[in-house]
Each structure stands twice: as C-alpha cells, then as structure tokens.
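Chemist: One letter stands for each residue in the lines below.
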Amino acid sequence: MQSQKESKIKVAIDSIKFPLLAIVFAFIIGAFFIIWTGNNPIMAYGELFSGSIGNISRFGETLLKATPLIFTGLAVGFGYRCGLFNIGVEGQYIFGTIFAVSGGWVFRDMPGFILPGILLVLGAIGGAIWAFIPGILKAKRGVNEVIISIMLNYTALYIANYIVRSVLNPSILLGGDKKAYSVMIPDQGRLTALTEFIPSFGYSSVNTGIVIAIIMALIIWFILFKTTLGYEVRSVGFNPYASEYGGISIAKNITLAMVISGALAGLAGAVTVIGLTFKVDMASGMPGYGFDGIAVALVGKNHPIGILASALLFGILKNGERKMQIAGIPKEVVGIIQSIIIIFIAAEAIGSYLPDIKKKFSKKSKEEVQV
Amino acid sequence: MTNVVEMKNITKVFPGVVANDQVNFELKKGEIHVLLGENGAGKTTLMNILYGLYEQTDGDIFIKGQLQKIKDPSVAISLGIGMVHQHFMLVEPFTVTENIILGSETHKGFANSVLDLETANKKVKEISELYGLAVDPSAKIQDISVGMQQRVEILKTLYRGAEILILDEPTAVLTPQEIDELGEILKKLVEQDKSIILITHKLKEVMAMSDRVTVIRRGKVIETLDKNNTNIDELAELMVGRKVNLKVDKKTHEKDGDVVLKVEGLMAEDNRGSHALKGVDFEVKSGEIFAIAGVDGNGQGQLVEVLTGLRKSTGGSFSIKGVDLSHATTKEILKNSVAHIPEDRHKRGLVLQHSLAENGILGNHLDEPFSKNGLLDENEIHAYSKKLIDEYDVRTPSERVQANALSGGNQQKFIVAREINRHPELIIASQPTRGVDVGAIEFIHRKLVEQRDQGKAILLVSLELDEVMALADRIAVIYDGKIVGVVEGSEANERELGIMMAGGNAKA
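Going down the list, the sequences are from chains A and Z. Going by our numbering, 161 is the number at position 161 of the first sequence; the sequence numbering is gapless. In short: position in the second sequence from 1, add 1000, done, that's our numbering.
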C-alpha cells in the first residue's frame, strides 16, 4: 500500500515537472526582454510579485482575477478530456452573464439566502444551452465543434448586446436615459466580499466566488476520476472506437461533456456578474476569459487541480503587471511570459511523440525478452 | 556466388533496448534468403537499417563488396535496394503506372514540363513482361486485388532499378493460391539475377520459397541454414527458443449443441456505402468453434461489427439464444452474454492511455461490483484486474501501468482474459492472435478450446488459414460478402478452402 502511494506521488511529480520547468524558462527568457527594454529583470519581477502576492489585499485581487479563469479553465479541460476542443467558452460565458442578470431582475424580490444560488444555476443553464448546440451537432451529425462554437461566440456577443440595449436596459425596465449596460443585480443577490470575513483583504473585491471555484474544481475532479460518467468521458476522449466497443455511447458522452463544459463557462459568467460587475456591459469584443481558459487548461494539463494552480499563476501575472507597469516596465513583458509558457507546454505535446514511439518500442522488446 | 549484401556486426540500440545485437547477415547474388523470427525479434529493424530507414548504432554494411553508409532510403535506392512494405504504399485512385512512376516520373515537351505517361506505360509493360508480373498498367489501384497491388509494389522497386528486393511479410494478405503465384514470381526474379530477402514468421513459406534461412531471436542471429538441411520443427524451435507444440489438442466436439447464434440473410454496407455483406446465413452451436475463413476485405470486418452492434445492418437478422438483436446497441448485445475479442486491439480492444485496471472493466463498468449508483469502486476494479493478470499470466509490473506499456502478446492476453471472464455464451474472436508471439498464440488457442469444451459457442474469424484449420470444428468460407461454403473442420483441406477463398467452386 505504501509503495502504491509513493508511486502515485511520483506520477504526480512527474506530471508537474515539465510545466514548472516551462514556467521557470519562460521567466528566464522574459528577463532578456526586460533587459532589452533597458530595465533590471530582478526589479521587474520583484514588482510583478509584490504587486500580486505582496500583501493580503493584493493577493485578494490576484484571487479575484483567477476566479473566472478557474471556471473557464475547467470548462476547456473537461471538454478536452472527452476529446472536444470547446473554443466556444467565450460565448457560453456571455450567455451565463445574460442569464444571471436576467434572473437578477426577474427574481429581484427573492431573499438573499437563496437568490445567489438561483443566479449561479441560471448562469450554468445559460452556458449549457449555448454549448448544447455544438455538442448535439457534433454528436449526431459529426459537425466540427470548433467551427460551430467559434461562430456561436459572435452570435452570443451580439445577442447579448441586443438584450442589454433593449430588453434589460435600465431605461426600459426602470425608465430614464438609455445606458450602455443592463440593470443591476439586486443587493441580496450578490456574492459576499471576503473582506467582510477577513478584514485584511482590505480594498480587494475578491468574493466567495473563489471558494465556489475551488469547490467546483474538486467536484469536477471527483466526476472525472471517481464516477462512471467520468470514466466514460475519459474513455471517449482517449479512444472513441474502444469506447464504442465497450458499449459506451459516443454521442451521449460528447453531448454531455459539451453541456457540462458549457455549464462551467456559464458559471464563470454568473460568478463575475454577481460577484464583481453586478451588471452586463455592452461590449465591442470578446471578454477574453474563454481564450485564457484554453491557456489555463493547457498549462494545467486538463487536470482540475492543475487548472487551479495554473489559474492562480495567470491571476498573478494579470494582477502583477499593473504594478510593474507603474514602475516603468512595459506590461507586454507579461504577455510574452504567458506566451512562452504556452509555447513550451504545447511544444512538449509535440516533442513527446518521438520519445513515446521509442519508449513503446523499447518496452515492447523488453517484454518480448521475458516471454 | 558472390555476396551482394553483407551486414557485419550490426547493432541497433533504441533507448533502453538492443533491437539488433552484433548481427551478421549475408545475401548471395541470385538467392532467396528468408529472415525468420517472431514479432519483435528484430528482423524488420535489421531490414529498415539496410533500407536506410534507421541508422545502425554500430557495424558495417557492404553492398557488392563496397562499404556503404546508407543514411536514407534514397541512398538505398541508388544502390539498387528496393523494399516492399507489409502495408502497401499506393495511391488508391491512381493507375498502376502512375503509382509505379511516382517520385521518378518521365517527362517530355517544353522544359520537360509534361508528364510522359506513354513512355512510362511502355516501360512498365516491358518490365512486367520480363519478370512475368502480369498487371494492367492503366487499371486503378482501388479496382485491383491485393495480390495485384503487391505486384505493383514489386514493379515499383524494379522500375527504380532494384537488384536487391526486401519483402516484409509479403504473404500476410494473400490467399494460398496467390502465395503460390508469388513464389513463381520470386523464382523468375531470381532467374534474372535479382536477390531477394523475405521477412516472415510463417514456417511453411520458408520451406516453400527460400534457398537459405537466417533465424533471428531477441535481436540476435541464432543460425543461418540451408533450407534443404532443415525442417519445420527445427525452425520453429530455433525461432521460439524451445520446443513448440504446433498442434492444438482438442477433443472431438459434440455435434448437437443448442444453436446460440443464428444469422439469417444478414446484409451490411462498408464505410464507403458499397455492399459488404450480401446476405449471410449461418448458425453457431454451443460447444463448437465455428470459423469464418477468407481473404481480408471480403466482409469479415463488417460481419463482426454488425454482430457486436458497432455497425447497423441493412437487412436480414441475427439472434442470440433466440433473442433477436438485429437492431440492438453494443451495450445490449454485451448484456446478452456476448464477448468480443476484436481484431485490432489498439483501435477497439483497449484504451491505451487507461491503466490496465481501467481497461479491465471496459464494457462492465456499469455493472456491480465495479460501480454502484454511478460511483466507481476502485478496490473492486483493481482486485479484478489483478485476478485477470494472474490467471492469464499477463506480464506487467502492476495493474496500474498504462495499457500501452505492454507488449502486443500481453495486451492480447489481457483482452482475452477480460472477455472470457465476462462469462459469455458466445465468444466472437476476430483474429485473436494477430501479431502476437508463438507463446501467446499457443496460450490463446488453448483458452479458446477450453471455452469450447465448457460448452461455449465460439465464432472465430481469421485470415490465417492455419489457425482456422487448427481450431475450427466447422469452417465457413466468406467471399465477396457471401458464405460460399461450409465444411467440417476434420474434412477440410487447404487446397479446397483456398479455391473457395478465391471465389471458386470447390465442388467443381
């Protein structure tokens, strides 16, 4: 039993070794760019980290930035476990925000102990509905989910803008001037700021959304690895033919995985709306959480716990860049570091093919030697 | 006779394993030299080195007495070496000539910009007549038989001026008659001073076709023998490293078992929508091994897929123990006591990235004790896999390793273990010993016969006629989507089956 535990730990170390190395290398290469801009990399990184984890309230802001990334990272990661590339997390996120803010208006008289929960569920439903479309098309007709969901991102964006401008605009529901944003979430429907429990979070707007995100990551981990649903989803993701052979319905699992992925994306939207913005603004472009979620999932190797860690890293980078910029270092450096991390990790996926083939061969022959 | 190829002390090391260890190999001018060994023994690696696909770690290669460094296949081709791979590398919608000239096209016209198919056609015809390789140069690859396609591959090497031909498992896809024809072709090539290396693990072919044979085991040359001074049993022993029992012991079967599988007028299409099964009828009774013999691509794959719910039938029906399952899903069919050993263990049989434990419950994962109310019971799952591994002697460090860490033979044993432990009434075994070593073949055959003796019905689909003849109580031959005849296993002979496999009428 002991050795099994040890080997599990070894596997865990093996799987995070490479992402950690990639991050270290990315920071080293980033240092050269900082030197190129005529600055001191140690100073720059000092600012970056003091700006993001320097004190508890800054750390709070980092957690706030990480919150939606955990959800969207989980969304992308869950889809990927079933072999799906859900690039439509953006659109599903937008639908989550619209469903949550609509619920906030419709149920504005509900008491505070139940309303946030209802709004979260509505957000999840919104995202799930939007993801169901590419899911069912892929399952039943074999339509490529990437193309459909990219297109649905724009559809979602403009539908949301239309709804904010007309149906949910304060000018229509409450009277007064036309606004570029929707009605507000009622006070009792909002998530509580953590600073109310722990005053040292200070000015930070970090809220119970981060707690929900962490719980969600644990739930997704449980679903993936401890339930028959997760077993089927992972089997289909690894090898749809073998799954089919084992009596597993590919169509059912693809649809289901897409819907769960969309629900997570919708949750990201709902948590942002009821935890931070309290309204939905009209937007000219994508919010970007969905695309960041792809990077988060990639760095976290589509493992819920890895996604928690990588969302935190992205939170640190996003939050720290401001203080770095104030110190006169271009914030693009952070973008460069992020990109290099992603390139390294993507390159591992490519590079691992070669040793894989060799390994296979060597193991094969070793076995044959025993026979 | 002079040596056209001399490989001296060739060593090839892959990370963690020595694939070829100090191998010496000689090919004389004008001989057919068989390289004999089990899967994974290192024979293909050795030939890939000769053809420039791998570079040796150590050792020298002499071609016609000259030391050569063969860095890539283009060097090999320029030295007059040609290789016909096990899986043909042909462009299906292209004609024979177009395939043959691909990569060394003839040109004409302004700035040599026009493809000169006429000259090419003529040259292809000349070569094919010279060596007795009859093909139609203007036929499309997709319209000609596998045997013909193999000729095209051989022509391709000859067109490029090959003097030394390497054929990797050339008979795997051929009918007995086509194998005889190949033998004739090889003899003609040798008469024209070509030298041929034949890679195979089939002993009969060694005796039929070769002049000399080199046996490779675990990366080492065991011995090089003259065919005339050896026999099948000796070669088998040299190849495996111990005495092999090539005969399967089995009792005579009960003729009056209950009908377990009944197939009536079954029809199905292949992926391209053409008719692959054109009305198939047969019955499999309990306590018998019923084999379907035939050349690859005559509907066997579709038949197995339909019977296991992986493909929809387009007509006819089948039932298991009286339950009509013509339109059932795979899940329902598995529930009706059917086990399936698939022909492609990597595609169907295993989720390679899953652990063995997870693979052990594939198809049973919704049943107790492995899961309850949607939650997996890991203790039960691991205990079960350990049991499978122990009972079937699967060589693995533990049930936690990924399935792709095992050798083919051990993967196959694990699948057989899983399927038999489903306690089925009907076992559908599709090429159950494809690409596994002799040890595993013996083991799997024994297990199938054991199941038969316990009264299970077994449907065996195999392209290996030897396997069919060794195991089957009754043999049906499938040709072009139809069963062309059923014979008693004890009365079957290879010639008769071969004629039926090629679509001929055996009784005539």
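Please keep in mind that the hints were generated in silico from the structure rather than gathered at the bench. Possibly wrong hints are sitting among the right ones.
[Unchecked claim] Cβ-Cβ distance ranges computed for the label pairs, FRET-style:
# : chain 1 : residue 1 : chain 2 : residue 2 : range
1 : Z       : Lys1386   : A       : Phe25     : 14 to 22 Å
2 : Z       : Lys1386   : A       : Val11     : 16 to 24 Å
3 : Z       : Arg1160   : A       : Glu348    : 34 to 42 Å
4 : Z       : Asp1270   : A       : Val143    : 57 to 65 Å
Every residue gets a Cβ at the ideal spot worked out from N, C-alpha and C, and that includes glycine.
Chemist: So which of the earlier hints does this model not fit?
Modeler: 1, 4
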